[in-house]
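A.B. asks: The chain contents come next:
Number of protein chains: 2
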Amino acid sequence: MSGPASGATRQEQERSRVTRQKLMAAAIEVLTEQGWAGATTGAIAERAGVSRGACQHHFPTRAALVAAAVEHVFHQQLEEIARRAKGLPQSRRRVEPLLNLLYDVYAGPLFTAATHLWVAAVADEELKALLLPLETHVGREVHRLTVQLLGLDESDREVRDAVRATLDLLRGLALANLLHDDTARRRKVLAHWARTLEAQLTPTRTTQAD
Amino acid sequence: MSGPASGATRQEQERSRVTRQKLMAAAIEVLTEQGWAGATTGAIAERAGVSRGACQHHFPTRAALVAAAVEHVFHQQLEEIARRAKGLPQSRRRVEPLLNLLYDVYAGPLFTAATHLWVAAVADEELKALLLPLETHVGREVHRLTVQLLGLDESDREVRDAVRATLDLLRGLALANLLHDDTARRRKVLAHWARTLEAQLTPTRTTQAD
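In order, the protein sequences belong to chains A and B. Here full-length UniProt numbering is used: position 76 in the first sequence is 76, and no number is missing along the way. Here full-length UniProt numbering is used: position 174 in the second sequence is 174, and no number is missing along the way.
Check each hint, because a few of them may be wrong.
[What the hints assert, rightly or not] Taking lysine to aspartate or glutamate and the DMTMM-like style, the derived pairs with C-alpha atoms no more than 25 Å apart in a straight line are:
id	chain 1	residue 1	chain 2	residue 2
1	B	22	B	104
2	A	188	B	135
3	B	128	A	141
4	B	188	A	29
5	A	188	B	141
6	B	188	A	158
7	B	188	A	135
FYI, nobody ran anything at the bench for these hints, they're computed from the structure.
Produce the complete structure using the sequences and hints provided.
C.D. replies: If you want it as structure tokens, here you go:
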């Protein structure tokens with residue numbers, strides 16, 4: 001199992017993984033800067049330092065490439081949030097820093113690229129067909145993570161609606177942050193919403209714990 | 001004052017107004033369908049049935065044209081909301097239908113076009129310079145209308161933050177609605193948000209009225 005042939009295969013697999021990652025990182029960069037119209041396969045391959053042939057070998061269409069890139073970066077961000085959340089207090093004081101952490105999912109390097117894609121998909125059926133299942137998946141994952149990090153009981157309808165509202169709020173805040181640094185205003189809004197959430201959610205949890 | 005010359009001037013002014021409106025309507029349409037990259041002056045003038053020369057006479061650059069178009073349609077939407085809000089009850093039951101009405105500002109025909117513009121401006125300094133003051137203006141106007149329609153006292157910090165959060169939520173909901181009809185989920189979120197707002201805002205107002 002450790003002969004030269006399998007060694008070469010492992011090396012090939014590693015090279016293939018590195019190439020895919022370069023292409024996905026380049027796709028997000030080019031999308032962010034030039035939008036869907038400018039993010040051609042050629043432009044992405046060039047940015048990645050990869051030949052167009054190799055690009056097409058890994059991703060048959062540019063829509064498949066950018067959808068894979070969005071999903072990949074999104075999962076990296078979720079992992080980072082879960083990791084950083086471990087350092088937060090376990091008490092009610094957890095809510096506000098958690099909201100700020102979750103905001104990073106929406107407003108990270110992915111947001112501008114994803115917004116370009118989503119808005120282009122309004123008039124592009126092929127892209128829309130790729131993004132809709134991705135949107136459902138991404139939405140579920142971030143909802144599940146939020147419920148888990150806030151230590152909530154999802155069977156409660158009020159909890160579900162409060163978490164939905166929280167994620168819609170974060171999405172709106174990320175959009176407001178596109179053209180200028182909106183941090184000062186955002187902190188006030190998130191502090192306000194954290195107090196609201198604490199008041200709404202804590203009694204439910206106490207009742208359930210009794 | 002009513003001689004043939006001033007009659008001709010009025011006719012010219014009316015023609016000019018109609019041409020501007022055609023160009024602005026076409027700009028929103030082409031932006032929605034093709035994004036900033038596709039919304040060239042030529043494409044917009046063709047859609048409006050106006051010559052490129054006439055287009056340039058009214059709007060020296062395409063950035064000036066689309067910024068004027070966004071502002072124009074935005075004001076039309078604000079007027080429509082103010083008009084429709086007159087039919088709403090004056091009681092607390094006003095909050096939820098008002099939120100649904102305000103949602104229309106964000107998710108109307110303007111939203112896709114504006115999102116294309118905002119995301120393109122991230123990497124386009126000229127466009128960004130035009131949109132930033134427009135964003136400030138639009139944000140203030142919709143904030144003022146919301147405070148007024150909800151009958152709130154803006155000097156209260158909690159009120160200001162609650163209204164800010166509400167508008168961020170509506171923006172996030174509009175983004176969630178881009179690719180598919182999100183109405184069923186949105187109604188739940190807005191119903192939840194309306195109950196929260198009622199609970200937060202009514203006691204403050206009662207205290208102030210005492």
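A.B. asks: Can you name, in rising order, the numbers of the hints this structure does not satisfy?
C.D. replies: Hints 3, 4 not satisfied by this model.
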